[in-house]
Amino acid sequence: MQLIRKILAKLSAGIAFYTCLPIPHDWNLDFHGIARFAPLIGLIIGVIQSLVDIGLQSLGMPVLTRSTVVIISGITLTGGLHLDGVMDTADGLAVLDQKRRLEVMADSATGAFGAMAAIALLLLKITALTDLDSDRFLILMGVAGWGRWGQLVAIARYPYLKPTGKGAFHKKAKYSIWDFLLGVLLLLSLSGILILLDPQNWLVASGMAIGGIAIALLTGAWFNHCLGGHTGDTYGAVVEWTEALLLCVLVTIESDIT
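The working numbering puts the last residue of the sequence shown at 276; the count rises by one with no breaks.
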């Protein structure tokens, strides 16, 4: 019973940190090591987005408008936490002087490169989701989960570049191989469900599994290569770019099949 309370305290803390979902203030929250729950929280976000998608479809909303609202709902659920990281990271990477990159990323003002990165990301997400003809429920869950699994890997695998910051506390926790494997197994189950529902969609299911792992790992590795480590902003950028690129891969696979 005590173990269950500890898990619920960390999961609730993770929901409070990563989303804007209401968590009662009198709950006992434990923020230590909440990153290991990020893939599960991604699935929760994906479920909510999928329910929004289904609700708007039942009202007869056109697919482009519906997809736009679904993507915006994801930003709303997270309070723009990860999208802000995309913009700050893009502004930092645009600076040629590597010594000034972290200083630029810490500036709250959004520059031209940050704005362009956000626009490009949202266009990719909206158009890719619009072109998805089927299995949007499971795919929305999958991309949200894999994006946050990539964030977990980046947190555990690479050094944190600042002594303080909104992501610094993540590095205080120790992560084991089981934290990654449990996330992988949870997300692979989505591909399994997709195949069970429609065996002909095995290629899309495989693409979501293989593409999710590959893109999540490569995105985190690329930011580490550019900066020599990670910050809270790049953690958010890993989430968003993994989601966007995985959506593009899946819609390409689906279009090739049809």
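Simulated from the structure, these hints should not be mistaken for laboratory data. Treat the hints loosely; a few may be bogus.
Label-pair restraints from in silico Cβ distances [as the list claims (entries may be wrong)]:
hint, residue 1, residue 2, range
1, G73, T145, 41 to 47 Å
2, G247, A133, 20 to 26 Å
3, E121, Q218, 51 to 57 Å
4, P217, T182, 48 to 54 Å
5, L199, M19, 23 to 29 Å
6, E121, L26, 23 to 29 Å
7, S194, I22, 41 to 47 Å
In this text, all values refer to a predicted model and were calculated from it rather than measured experimentally. Here a beta-carbon is modelled for each residue, glycine too, at the ideal position from N, C-alpha and C.
Structure-based check of all given hints:
Look at G73 against T145: about 22 Å separates their beta carbons, and that is not inside 41 to 47 Å. The given range of 20 to 26 Å is respected by G247 and A133, whose C-beta atoms sit roughly 25 Å from each other. Our hint of 51 to 57 Å for E121 and Q218 holds, since their Cβ atoms are close to 52 Å apart. One distance hint, 48 to 54 Å for the beta-carbon pair P217 and T182, holds here, with the actual separation near 51 Å.
One distance hint, 23 to 29 Å for the beta-carbon pair L199 and M19, holds here, with the actual separation near 26 Å. Range check, E121 to L26: about 39 Å between beta-carbon atoms, so the 23 to 29 Å window is missed. Roughly 20 Å separates the CB atoms of S194 and I22, a value that falls outside the hinted 41 to 47 Å.
Comparing the model with each earlier hint shows violations of hints 1, 6 and 7; every other hint is respected.
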